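Peer 1: So you can see what is in the structure, the chains are spelled out below.
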Amino acid sequence: MNRRQLRKARNGLFLALSVAATLVGLACLAAILWTLVSNGIAGMSSRVFTQMTPPPGSEGGLLNALYGSAIMTLLGICMGSPIGMLAGTYLSEYGRSSRLSTLIRFINDILLSAPSIIIGLFIYEILVVRMGHFSAIAGAVALAVIAIPVSLRTTEDMLNLVPAGMKDASAALGAYPWRTVISVVYPAARSGIVTGLLLAIARISGETAPLLFTALNDQFWSTKLNAPMANLPVVIFQFSLSPYKDWQQLAWAGALIITVTILVLSISARMLLSLLQSDRGGKP
Amino acid sequence: MRPPAAPVTDATIAAPDVKVEIRSLNFFYGAQQALFDINMTLENRSITAFIGPSGCGKSTLLRVLNRMYALYPQQRAEGEVRMDGTDILADQVDVAELRYRVGMVFQKPTPFPMSVFENVAFGLRLAGSARGARLKERVESALRDAAIWDEVKDKLHVDGRSLSGGQQQRICIARAIAVEPEVLLLDEPTAALDPISTLRVEETLQTLREKFCIVVVTHNLQQAARVSNVTGFMYLGQLVEMGPSSTIFTSPANRKTDDYITGRFG
Amino acid sequence: MAIIDSRHAAKQLIYERVFRSATLTAAILVLLILGGVALSLLRGAWPARQHFGFAFVTREIWNPVTDEYGALAPIYGTVVTSVIAMLLAVPTGFGIALFLTELCPPWLKRPIGTAVELLAAVPSIIFGIWGLFVLAPLLQRHVQPWLIDHLGPIPLIGKLFSGPPYGIGILSAGVVLAIMVLPFIAATMRDVFDTVPPMLKESGYGLGATTWEVIWHVVVPHSRVGMLGGIMLGLGRALGETMAVTFVIGNAHRISSSLLAPGTTISSAIANEFTEAVGDLYTSSLIALGLLLFLITFAVIAIAQAMLRHLERRAASPL
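Residue numbers (numbering that gives the first Met the number 0), protein chains in the order written: chain A, 0 to 283; chain B, 0 to 265; chain C, 0 to 318.
By construction, these hints were calculated from the structure, which means they are not laboratory data.
Here the structure is a predicted model, which means the values were calculated and not measured.
Please note that the accuracy of each hint is not assured.
Unchecked claim - Straight-line distance between alpha carbons at most 27 Å, and here's what the computed BS3-like set of lysine-lysine pairs gives: (1) A:K7 <-> C:K108; (2) B:K135 <-> B:K154; (3) A:K166 <-> C:K10; (4) B:K210 <-> B:K18; (5) B:K107 <-> B:K154; (6) B:K152 <-> B:K107.
Please take these sequences and the hints and turn them into a complete structure.
Peer 2: Below, the structure is given as structure tokens:
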């Protein structure tokens with residue numbers, strides 16, 4: 000084989016390998032979604048949404064877990080997102096490239112990728128030990144701590160996209176920065192901020208590790224924030240590792256619910272983002 | 000400063016040595032047509048310049064000659080482009096080999112992320128056409144022809160991107176000519192350069208004219224007049240007029256050409 | 000003439016001060032969180048540190064009954080599963096990124112790109128249960144026996160593939176982790192490849208290079224720093240991953256020479272045992288594990304971020 004043919008062969012080989020890699024990736028996605036959907040649907044019934052988690056061997060649903068997750072996610076977002084947004088506003092509008100801002104951005108990006116189980120340990124130390132018991136509020140705080148870096152990042156990115164000319168025009172009329180931000184920048188970055196919110200919710204809905212030793216779990220219906228509360232991820236964890244068939248079925252149903260929720264949130268966020276881009280004439 | 004090259008007389012063009020012949024070339028970006036029925040020839044050992052206002056299709060025409068457009072699925076060419084008798088637009092043509100025989104220099108300097116030496120040696124290493132001492136000779140000769148050897152001979156192992164813009168562009172020229180292409184295409188080669196670097200590049204082209212068939216696309220009318228033997232004026236995707244540069248710039252046959260050259264539009 | 004009501008102006012100034020402090024406080028809170036995490040881990044780990052000293056990191060023993068603990072097995076498991084995951088995910092992610100940027104027909108780019116990003120959004124617990132119920136049996140029945148039969152007898156590396164095919168274990172955990180990290184690696188590499196200027200690639204093609212040659216000799220060297228940063232970030236995530244690994248690691252506090260044997264990682268040890276831990280030393284040892292994980296991932300992620308920042312700065316300057 001002469002050199003030119005060798006080069007063509009090598010080219011063909013590597014390109015074929017890259018196609019194979021893509022097929023492998025897609026196959027994994029398909030396999031996981033397939034298992035999730037088929038097992039999840041098998042375990043699904045109206046009971047799942049109306050009855051509580053049962054003891055092994057009896058029928059039941061996931062109502063308390065769904066409620067618990069919803070409450071803690073809501074609380075976590077209500078606590079974490081505003082802090083993240085305010086911090087992102089600081090970095091984008093006030094701090095910009097100061098040394099402090101650079102440091103905060105750096106630390107924030109580390110927290111963004113940090114193991115969430117560490118956050119769980121942190122909240123355990125400062126809240127659970129302090130309070131003497133596990134609680135839903137501790138779980139919510141753990142989720143809030145995870146939501147803060149996500150909100151900060153997306154807020155800062157979205158605010159940076161607002162044209163400088165708009166901000167200058169507001170300042171030229173004599174507005175203080177707070178006025179410009181609240182009356183001009185936030186509305187201009189509206190869809191971006193909502194996108195950031197959706198992404199943060201999607202991120203914390205699936206988190207299990209931080210809840211393992213903060214909110215713990217509860218077999219029964221509980222609404223007290225000051226006590227352990229059932230939640231979907233920990234229920235899935237517990238039920239799937241058990242040897243009981245009906246518990247395992249409920250675990251799959253729960254897994255399907257979580258995944259569908261997160262995918263819907265992510266897709267909505269993506270669609271909102273492309274709507275945002277087309278508003279600006281196609282340029283991000 | 001060297002005096003500008005002596006204007007080329009008609010005598011040099013009397014006996015044509017055709018390298019490329021283009022017949023009925025039409026080019027499309029998706030549904031939009033960019034080149035309309037182009038017919039022309041390119042000669043060996045000469046410099047052909049293409050001039051015309053923005054969007055007239057001169058860069059498009061250039062990129063047909065080495066089938067660079069094939070990298071982008073929406074772009075398509077119809078017609079015949081014969082190099083030494085063979086139609087290079089035909090399906091069975093090995094595009095990579097075509098691009099090895101037809102060199103290209105771009106508007107902005109594009110040094111690869113490697114040393115000066117490795118940049119120039121890149122094409123040669125790919126084709127395996129030279130190794131060891133022979134490779135070093137080819138690299139040095141290319142750098143000399145590109146009028147940059149003296150400036151980089153002590154810096155051959157420096158990263159190509161650390162040189163000035165003008166030097167980078169001449170490295171890219173050296174890189175293109177190191178493989179001794181039969182045709183050399185230059186797309187506004189001095190657009191991003193300062194006047195002194197521009198002058199050096201133009202001098203380089205004059206030297207290279209002895210060896211290669213060179214095609215230059217340029218926005219700079221004075222440059223086209225200085226540097227080329229033959230000039231083609233393009234407008235809205237059509238080749239309006241083509242002929243010896245001395246004639247085109249002094250007494251063009253076509254009204255539109257005259258308007259463009261005298262600056263009535265541009 | 001524009002008249003400004005002085006009381007109104009004074010109010011505006013107060014609002015400005017309040018707003019500014021609020022945003023600054025929120026921003027500083029981020030620093031405090033990191034500081035708080037570090038401090039609370041240090042404090043919680045202190046009893047274990049006092050009791051075992053630095054030998055904690057080199058002991059393999061883990062016995063809740065006799066209250067003897069050592070971090071060696073979890074550290075080993077964390078490192079080995081992450082290395083396996085990267086060895087599998089990096090070439091595959093590279094291939095996917097290559098496909099998306101160079102080969103993919105335009106109409107297919109969006110759907111596949113979206114599929115990759117959706118896979119990245121799936122929570123890790125899903126990968127965990129999928130690993131337990133689907134992948135582990137698959138590995139146990141088909142792949143692991145093959146490995147034991149064919150690679151076991153080979154001297155040296157054969158030891159890695161010996162022992163009974165449990166299905167769960169270090170190798171299985173590494174595979175699940177690889178699948179989890181894959182979309183992240185693929186997306187990051189694709190983003191890095193997208194920033195290569197087309198003119199640079201065309202310069203390569205213009206010299207007669209094949210697609211692969213342009214990728215390998217022009218795109219990759221140009222994107223070296225970004226690729227490395229993305230890989231390290233992926234590694235940081237793999238090291239800290241809990242749920243994907245806990246289901247299939249087997250939770251055995253020992254180091255075996257075989258990859259097919261069960262083991263443990265730092266995060267899965269904490270996840271499995273923390274709520275059951277009785278006694279201060281047990282709890283403190285688990286927190287000490289957490290501290291170790293924090294230090295390792297902090298270092299890896301910090302280096303990765305520094306690399307990616309360097310790339311951003313370079314991309315901002317013209318070619």
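Peer 1: Check the structure against each numbered hint from earlier and tell me which ones fail, lowest number first.
Peer 2: Violated: none.
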